[in-house]
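As given, the protein sequences belong to chains A and B, one line each in that order. Residue 1 is where the first sequence starts when you use the numbering used here, and the numbers rise one by one after that. Residue 283 is where the second sequence starts when you use the numbering used here, and the numbers rise one by one after that.
These are computed hints drawn from the structure, not numbers from a lab. Honestly, I wouldn't trust all of these hints.
[Said to hold, decoys possible] Restraint-style ranges between C-beta atoms, simulated for each label pair: (1) B:K378 with A:Y107: 38 to 44 angstroms; (2) A:I264 with B:T537: 41 to 47 angstroms; (3) B:L574 with A:L151: 45 to 51 angstroms; (4) B:A432 with A:L151: 50 to 56 angstroms; (5) B:V352 with A:H184: 44 to 50 angstroms; (6) A:I264 with B:S403: 21 to 27 angstroms; (7) A:V267 with B:Q402: 25 to 31 angstroms; (8) B:L575 with A:S51: 48 to 54 angstroms.
Ideal Cβ placement from N, Cα and C applies to all residues, glycine included.
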Amino acid sequence: MDAFWIIITGFLVASSTGMLGNLLLLRRMSMMGDALSHAVLPGIVIAYLISGSRASVPLFLGAIIMGVVTTLLIQFFSSKGKMQADAAMGTVFTFLFAVGVILVTKYAGEADIDADCVLHGEIAFVPLQTSSFLGLGVPTPVWTLLILLGLVQLVFWIGYKGWLLTSFNTEYAKSIGIKTAIWHYTLMAATSVATVVSFESVGAILVIAFLVVPAATAYLITDNLKRMTLYILAQGLLSAVLGYFLSEWVGGSISGSMAVASFILFVGSFIWSKKRGLKSPL
Amino acid sequence: MDAFLKYLTLQDPNVRYVALATLLLGGVSGAVGSFNFLRKKTLVGETVAHSMLPGVLIAFLLSGVKNPYVLITGAAISGWLSILLVDYITQQSKIKGDSALAIVLSSFFGFGIVLLTVIQSNYGGEQSGLDHYIFGNAAAMTPEDSNAFALVSGLVLALVLSFYHSIKSVVFNLEYADAIGINVKFIDGVISFITILSISVGIKAVGIVMMSALLIIPPTAARFWTNSFVRLLLLSGFFGALAGWLGAFVSYSQTAMPTGPWTIVIISLIAFVSMLFAPKRGVIYQRWSKLLLKRRINEENLLKTAVQNEVRGLGKLFNRRSISQRHVFEQGLWNRTVRRLRRKGLIKKVHTGFTLSTEGRSYGAEIDRRHKIWEIYLQRRMQMSINLVHDEAETMEHFLTPEIEAEILGELGLCSRFNPLLEIHELVPDRPVNAL
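Turn these sequences into a full structure, and let the hints steer you where they fit.
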């Protein structure tokens, strides 16, 4: 049963972050996932220090605020401060991460928090935090992740047309009066929430991997956005299953193994797309 | 203060290695980071730093010891592999650069985490300290580590010096460098090599994320102060060294404060201060010079319009209404502009309005003249429609220098005192567009 819940958790993380990663990939902002996952750290710590608990709601709020602040700062530095776009991003997220680590170190003694627990949440502990539902022991993280997935799906499908237009042709979208900035900030906020919610249960590294690798795998196979989302879900499920058994086999971190499994699937689709590329008349 | 002096004079042997090592590390990575910065590839450092974890661990597994040279070699090899892989993915598929970076970063690091957990559960005490490679631990550095630092810094310096001109060409203009016969691939490799080298020695001291920050932020800060390549390198190295040194001091004077994050906070503050206060490129300077320009344009417009009214026989007296017939001024703007012009003695207040002083009149006339010259230039040389020249000249009149003015007059074959009474489109009666 433990194996089942762990795989389900991995799959849930893959499906919600994968959907967002899809949009990040198309907007050429994949490193933003890495940046946000570092930058939200001070938000989490401050929210934790203010609320004094590890309850999810304040942590999410802290993370959302920090995610949007990060985006605004990057925007400000590159447009008003005339910093190179990549340097602006690198400066902002490493600075915020450093502040986060300092806060964690400073308050480590007084509070039950450390950088390891924030960044390297362990998926192996998921089955231990059960809450009973209809006589079935369903782990709490699974509930949280289900809600997250629902939210992400809602945002994704409500905004489907907007995402499609703003991702593929920003100039055109602007010219027909779509507020591209709103879509940008919605995506950033959603990514920070997804990042933080997933952090807690699976750790940062798997979040970064699932933000980009499933989307990239699907991107190599198809050009159709709807089909891409389907492949992303399949990729996520396969990575979770393969990763779990890989970790059983070598006896290492489950999150890390899932990231590795996801990469192996990517390599598969990479080779496949290369072969197909050679055959096609183009 | 006492602690600072003690730190400064390196009396405490414990802090000596740490201070020197972080100073060296900051300096070297600051300078090396400028190459990636100028090529707009700053995030490569982030991926390389994360990708080094499995290399370190495999080196440990193969050798069974925590010798810094062995681990650095392992780190460098896997860092190198990650760069090759990123290049391969972007060249061979439709995946873009940033996605390739993120893919390689997360996969290598994930693999590293798997290895780390396997090692931690299978090895006893001899593996402890390997996790320092993730978050960094400058305090745990040994003399051996700082020797490695010094050695690597020397190597980086030697490489940069010996390929200085080729690196400069490749960084600024790849195609040009290729055309003049520089082996671009080789120089590319040299830049990658020194990047990897400095990251691989640094991650143990300051951690993965902090290491990539040390490559990104110093050149970003330095860029606000200079346009010269050498100065950027030196300044970036200086900022990095300063931050490393101060960061080590904070962690020395405060208990349980990590060196890496403080170094980054300090270098970030340097960057923020540079962004705000640097001359020429700083935000405040740019805002201020924009404001001054706006003020000058408004003043010149007012003077010019007053002169034009005089020429057209509308009298020497002017007020907001008479000026606004040709050039609209809002009340607030009018008050501010008039106040500045009166202070400069360019206009005088008389009981029913304002009038130009002698200096004001010649200043306004000069602007008016430039306007007319530019109109004629556009019409004759640029073959621009006579209906369009006025708006263009409205802007250019504020920017023409006496030198350009003389050059234009010479080119058009006009005498240097050329000053027609009216603007050229006023000489020709308005024609409907379809009659042209």
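Hints and how they fare:
1. Under the hint 38 to 44 angstroms, the C-beta atoms of K378 (chain B) and Y107 (chain A), about 40 angstroms apart, fit the expected range.
2. Against the hinted window of 41 to 47 angstroms, the Cβ-Cβ separation of I264 (chain A) and T537 (chain B) comes to about 45 angstroms, which satisfies the hint.
3. At about 50 angstroms, the beta-carbon gap between L574 (chain B) and L151 (chain A) stays in the expected band of 45 to 51 angstroms.
4. Remark: the range hint 50 to 56 angstroms for A432 (chain B) to L151 (chain A) is upheld by a beta-carbon distance near 53 angstroms.
5. Between V352 (chain B) and H184 (chain A) the beta carbons are some 46 angstroms apart, a value that agrees with the proposed interval 44 to 50 angstroms.
6. The beta-carbon spacing between I264 (chain A) and S403 (chain B), approximately 23 angstroms, falls within the hinted interval of 21 to 27 angstroms.
7. Take V267 (chain A) and Q402 (chain B): their Cβ atoms lie about 27 angstroms apart, and the range 25 to 31 angstroms holds.
8. In this structure the supplied range 48 to 54 angstroms holds for L575 (chain B) paired with S51 (chain A), their Cβ-Cβ distance being about 49 angstroms.
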